[in-house]
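K.L.:
Take the given structure of chain A and dock chain B to it, following the hints.
2 protein chains.
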Amino acid sequence: MEKSSKYKEDIDYEIIQDGTITSVPEVFCSSGHCGIRKWKDDISIILIPGNTVCSGVFTKNRFAAAPVIVSRQQLAKNRNINAIVINSGIANACTGYEGLKNAEKTIEIASEYLDLKKENILVSSTGRIGKQLPLEKIEKGISFCSKNLRADNGHNTAKAILTIDKHPKEFAVKFFYDNKAIITGGIAKGSVMVEPDMATTLSFIATNIYISSGMLDCILGHCVDDTFNCISTDGCQSTNDMIIVIANGCSGARIEDKDSLLYKYFKKALHAVLENLSRKVVEDGEGATKVIEIEIKGASDKNEARSVGKKIANSVLFKSAMYGEDINWGRIAAAIGSVDNNIDSGNIDIYLSDILIMEKGMAKDYDETAAAALLKERNIKFLIDLNTGNASARILTNDISYEYIKINALYKKQK
Amino acid sequence: MEKSSKYKEDIDYEIIQDGTITSVPEVFCSSGHCGIRKWKDDISIILIPGNTVCSGVFTKNRFAAAPVIVSRQQLAKNRNINAIVINSGIANACTGYEGLKNAEKTIEIASEYLDLKKENILVSSTGRIGKQLPLEKIEKGISFCSKNLRADNGHNTAKAILTIDKHPKEFAVKFFYDNKAIITGGIAKGSVMVEPDMATTLSFIATNIYISSGMLDCILGHCVDDTFNCISTDGCQSTNDMIIVIANGCSGARIEDKDSLLYKYFKKALHAVLENLSRKVVEDGEGATKVIEIEIKGASDKNEARSVGKKIANSVLFKSAMYGEDINWGRIAAAIGSVDNNIDSGNIDIYLSDILIMEKGMAKDYDETAAAALLKERNIKFLIDLNTGNASARILTNDISYEYIKINALYKKQK
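Residue numbers (the working numbering), protein chains in the order written: chain A, 1 to 415; chain B, 1 to 415.
In isolation and in its complexed conformation, chain A is listed as follows (with noise of 0.2 Å):
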């Protein structure tokens, strides 16, 4: 039925002006000043009543924080998610024992000012690595929010997730089926370092669109292997990261199985919002003049695709070339070579834009001057031809710059 002439095989989406996580329906947000940082927000709750289904992906790190721990447990049991508790400033890892505890009475706290069962709560956390979370402030938080929870308040949100980014991360966007509005919108936060202590991604996304748990798994983990998956700033993976989904179903189109049109939309719509946040991520990275694409195609599988784009990505001579606009793909090449791999290097091609740089395995001339103009500009694109296969990917990501240096290094010397 769904496949009649009355849908089309492919949707457009509509960006939604200024939108973010609330502008989904039924979903609330709230945050404040508990006390853990000095002037920022540091506290903030998302609410999404009703039945929800909700879907995460977490950092592989082993040194995962004790929300990671904690929230990826509490999912294992059960995916009708209401609420999560974020806090920033103390990123709750390396804590041991009573960092588990904490981040389960923070669960527990939740529960009761948010009148909600400490099953449909997850944790999430934000900063400093090796500090405890202070309970008393985290109630005084909590109690704060539970009171302010509102329909226009995703912008505060934002922002209250925020540790040293510059901007905030918001997204959303909408799409019609069957006469209803599916709005799928989110936030996210990172910049590389945030707090000088460590790099962390924390992605919160909500839709409207009713799904159940296998397929907003499968549908999220094909979306942040091709966004959040494919940023790298520094190579530097956080104990932090998260990224959790919810759906709360109250458009009422309902998704019915994995062929349906429906599917494939909401998959476009999710795609959409992931790649804009992972997109904004990397262009608020600490200290960086460029926003720099490294497209990998011809590759035999997608996992060699992403490695090679990964290896030119954090290689830092290469980032540094980036930064002084010089070109220097002898580094591209070595960075290339350096994978560990079956990759013929004498079938490989480098381009900058469509300017062919390298062909072959070997260096080619080419109009110097026309380089040298898109390598001022801040976004920049090169495209690697693996000349094997058909696997693609495409990697974000960053050059390096004093500024970077600064952050990271003077930053205690600063204060």
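One or more of the hints may lead you astray.
Copies of the same chain look alike in the list, so a pair counts if it fits in one copy or across any two.
[What the hints assert, rightly or not] Result set (DSS-like, lysine-lysine): computed pairs, CA atoms no more than 30 Å apart in a straight line: (1) K8 <-> K180; (2) K297 <-> K131; (3) K60 <-> K381; (4) K360 <-> K131.
The set of hints was computed from the structure by calculation and includes no laboratory data.
P.N.:
Chain B only, in chain A's frame:
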């Protein structure tokens, strides 16, 4: 016989003052200026006549430069190497078929001027990627060098193989066995990126011991694993790395088998030379203000120990913190946790010198004043105890500074 009381189980080698590759008898060097670069010497020959045994290790980079490919082929066919021709300024990498032909042609030219068979000659290059060797200049250089080979010229050659290194790297040791003086000495280059285009480490070692090629391979492999393979300045693998050891046997001391004391003694001496030279590469790290030793113990195997150490060493966050003399140990924990293995984070201890900073994966109170004082030193030492097995590794690395970014980003602009 050897194991009689006449010989100690262990040897105390003597460091030769101002020792270099020509401290080894019957080793001759010559360097000159052939015009590949503007002001500095750019071509060198190391000559070791007679019957020799040569062993080499080469970069694993898929974009291995032409001299790497050609020298590897030469060594596969013949282990009696009498000469190495080294040019600086052009890496002869990403130069395709013509690059290979030029490396072979360099050997032909050297064969004529040195009156050696082609099979007895190796070539090595360092410098900018993607340019062809100017063979006329190379011939002029070889012609000059072939007439100026001297037994006291090691220092000049140690300088001529440098690119933007600040200091030449030379070292030699001597020990006595059966009244024979066994001398092992070498030179190296590398200061991370040398030539702001790539990272290149070259090292050439000579010894007057007599040894079979199999045993020399074995000893070199072991020693490189613990020395040059345990330094990391920026995690960027080069296209031109090579380490060559040539044994001319003229001391008269002969290693009979792998169980002999002389084998053990020589291994220790070669290890000392490689360790010293590799440390000098780190000490000369571009823009570096610190030399950081990361010792990993309690690992389940050597690979795990090395992976953990290198992950920390290559964390830009960690390196920035070291530059800022700020401990930020959460960055060390996050780096360890991002290694893809079965480490249990709850077992891990982190020490700064002998101060325990993190215990069993948890933050610990420690003397911050004492720690701050240690971080102000040029030499900093961390110990990570994984508390799992018995394997260990020691990684040497640098901090990352403004100066590093300047050298690698703004080189072109400064010219």
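K.L.:
Run every hint past the structure and note whether it holds.
P.N.:
Okay, the hints, checked on the actual structure:
{"no.": "1", "hint": "K8 <-> K180", "result": "within (16 Å within a copy, 88 Å between copies)"}
{"no.": "2", "hint": "K297 <-> K131", "result": "between (44 Å within a copy, 26 Å between copies)"}
{"no.": "3", "hint": "K60 <-> K381", "result": "both (29 Å within a copy, 28 Å between copies)"}
{"no.": "4", "hint": "K360 <-> K131", "result": "between (52 Å within a copy, 15 Å between copies)"}
Checked against the numbered hints listed earlier, the structure breaks none of them; every hint is satisfied.
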